[in-house]
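Turn these sequences into a full structure, and let the hints guide you.
If you read the protein sequences in the order shown, they are chains A and B.
Numbered per numbering that gives the first Met the number 0, the first sequence spans residues 0 to 297.
Numbered per numbering that gives the first Met the number 0, the second sequence spans residues 0 to 197.
Rather than coming from a laboratory, the hints here were simulated on the basis of the structure.
From a predicted model like this one, the values you see are computed outputs, not experimental measurements.
Keep in mind that the hints are not guaranteed to be accurate.
[Stated by the list, open to error] Taking CB as the label site, the calculated pair distances span:
(1) B:W99 with A:E163: 41 to 49 angstroms
(2) A:W141 with B:E15: 29 to 37 angstroms
(3) B:E15 with A:A137: 29 to 37 angstroms
(4) B:L18 with A:Y124: 22 to 30 angstroms
Where a beta carbon is used, it is the ideal one built from N, C-alpha and C, also for glycine.
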Amino acid sequence: MKHERVTEELRELAALYALGALTQSEARSYEIHLQEKCPVCEVQVRRFQRVVAGIGLAAEEAPVPDYLRDLLLARIERIDNTRTHAPAPAEAIKSATAQDKSGPARTPASVLSQMPQSRSTFHIYFLIVIMAALGLLAFASWRAVRKENLQLARRLSAAEAEAENLRILLDVQNGRVEELNQIMTMIRNPATRIARLAGQPISPAISGAILWNGDQKLCLTIGYFPLEPEGKIYQLWFLTPTEKIPAGKLKVDPTGRTFTTVDIPPTILSPVEIAVTLEPDNGSAIPTMPIYATARIP
Amino acid sequence: MEQESGSIGQASVNSEIDLLLKRIARGDRVALMNLYDRTSRLLFGIVLKILGDTAAAEETLLEVFTQVWKQSGSYDPGLYTPLEWLAAVAHDQAIVRLHWSKHDKRKPPTVEIPVDSSTTVAPQPQQNARSLVASLSPIQREILNLAYYSGLNCGEIAAQIGKPIGAIKTHARLALTKMESALDFAPKHQNKPIPGDL
Numbered sequence: 000m001k002h003e004r005v006t007e008e009l010r011e012l013a014a015l016y017a018l019g020a021l022t023q024s025e026a027r028s029y030e031i032h033l034q035e036k037c038p039v040c041e042v043q044v045r046r047f048q049r050v051v052a053g054i055g056l057a058a059e060e061a062p063v064p065d066y067l068r069d070l071l072l073a074r075i076e077r078i079d080n081t082r083t084h085a086p087a088p089a090e091a092i093k094s095a096t097a098q099d100k101s102g103p104a105r106t107p108a109s110v111l112s113q114m115p116q117s118r119s120t121f122h123i124y125f126l127i128v129i130m131a132a133l134g135l136l137a138f139a140s141w142r143a144v145r146k147e148n149l150q151l152a153r154r155l156s157a158a159e160a161e162a163e164n165l166r167i168l169l170d171v172q173n174g175r176v177e178e179l180n181q182i183m184t185m186i187r188n189p190a191t192r193i194a195r196l197a198g199q200p201i202s203p204a205i206s207g208a209i210l211w212n213g214d215q216k217l218c219l220t221i222g223y224f225p226l227e228p229e230g231k232i233y234q235l236w237f238l239t240p241t242e243k244i245p246a247g248k249l250k251v252d253p254t255g256r257t258f259t260t261v262d263i264p265p266t267i268l269s270p271v272e273i274a275v276t277l278e279p280d281n282g283s284a285i286p287t288m289p290i291y292a293t294a295r296i297p
Numbered sequence: 000m001e002q003e004s005g006s007i008g009q010a011s012v013n014s015e016i017d018l019l020l021k022r023i024a025r026g027d028r029v030a031l032m033n034l035y036d037r038t039s040r041l042l043f044g045i046v047l048k049i050l051g052d053t054a055a056a057e058e059t060l061l062e063v064f065t066q067v068w069k070q071s072g073s074y075d076p077g078l079y080t081p082l083e084w085l086a087a088v089a090h091d092q093a094i095v096r097l098h099w100s101k102h103d104k105r106k107p108p109t110v111e112i113p114v115d116s117s118t119t120v121a122p123q124p125q126q127n128a129r130s131l132v133a134s135l136s137p138i139q140r141e142i143l144n145l146a147y148y149s150g151l152n153c154g155e156i157a158a159q160i161g162k163p164i165g166a167i168k169t170h171a172r173l174a175l176t177k178m179e180s181a182l183d184f185a186p187k188h189q190n191k192p193i194p195g196d197l
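Structure (structure tokens):
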């Protein structure tokens, strides 16, 4: 039944239809009425559809990820490769009402489907819908796989970093074990003598020990030292009653720890006193600084 | 949504978009990307607010521009301004997806929607639309929001806000009528008298 004049009830129905606020069955009944080409309702619906479309313009904007642009381009290219771009002529889309829709009025069909309906266009639509659904599925799968890959890559990266840290720790611990083995080997040797390395008043924080083995001609220094000032090193000296023999640089790690083995010169036959001084980077032939630590070999 | 104060600014924006749509209808990809650059922030804002899920909103936005690419020829300047048409396409795609997701048992992920109150796409139409929505009563705004962004029908809205369904319908009609009065329909229908108009 076509209406002859607009009433409040008709306007309300048109407004609710345009807003998508009718139930599915109400919307379907109203669409059947619109298909009867009721000019009054058709105009009301058109007007309210435009009003509703305008509500979206009030929405907050949201930043769009950059990669979506590339995805859109790729999608358009794919569409163009699968079919010739054939836009519908504007003249064919004047009808504001849906021709045969199963959903609410404001489905994409209501905005976009003002094209003539025929079996062939139905097939095209069907194909497009199938392709769009497949495209969506493929895109969703691609996103899911990509997300999973990213998570796996992040986990792999974290695991690699952790493995690297563990390798470093293992190396350090292996080094410690090696050092302990060396200390134990020296201590078990009856020829080894042990002396306390004591810091002097200029550097009371120094503490350590000297393991002296005259048979093997080895002198091991272990202990903790304050870090050397820039351009300086700790140097070991063997002190005999007649001379001060430079015995080499003490290797101090960034924590101040030292584990340094030096050879005892063949000329030294008996235990001596040992001293540590702070010297320039390349060492000194004779001590140039006060003694920082000493040890008397028993 | 055209108001007199902003009609010049709107006409300019809509003319630009109208030209882009015509070029797109001829298969001009550059025009499509120009349109995307010009309008995607606004359309993404609409679909993201409806879907509340970034991944779904991104897919929907792609679908919106795919539809525009395929069917820009179906745009009828007698029915909508170009921006309104784009907003309607975006809204429809998002609502369809929202209804699909309602059948999905999995709970959709929620997203903290980045709030960007700037109006970079079409400042004058956007500001006019916001003013118009702001001029509605709170209950009218709530009803329009629930219908437009949540895809609820009158019964569902009535249940949600605890008002009689009749009141919901009346508020919705009055709200749209108020907004309708601010629209300039003349250019759209100047050669086509409106039969039975009040």
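How the hints compare with the structure:
1. Evaluation of the 41 to 49 angstroms hint for B:W99 and A:E163 yields a pass: the beta carbon distance comes to about 46 angstroms.
2. About 33 angstroms separates the C-beta atoms of A:W141 and B:E15, a value consistent with the hinted range of 29 to 37 angstroms.
3. Under the hint 29 to 37 angstroms, the C-beta atoms of B:E15 and A:A137, about 33 angstroms apart, fit the expected range.
4. The hint said 22 to 30 angstroms for the Cβ distance between B:L18 and A:Y124, and at roughly 28 angstroms that hint holds.
Violated hints are absent here; each numbered hint is respected by the structure.
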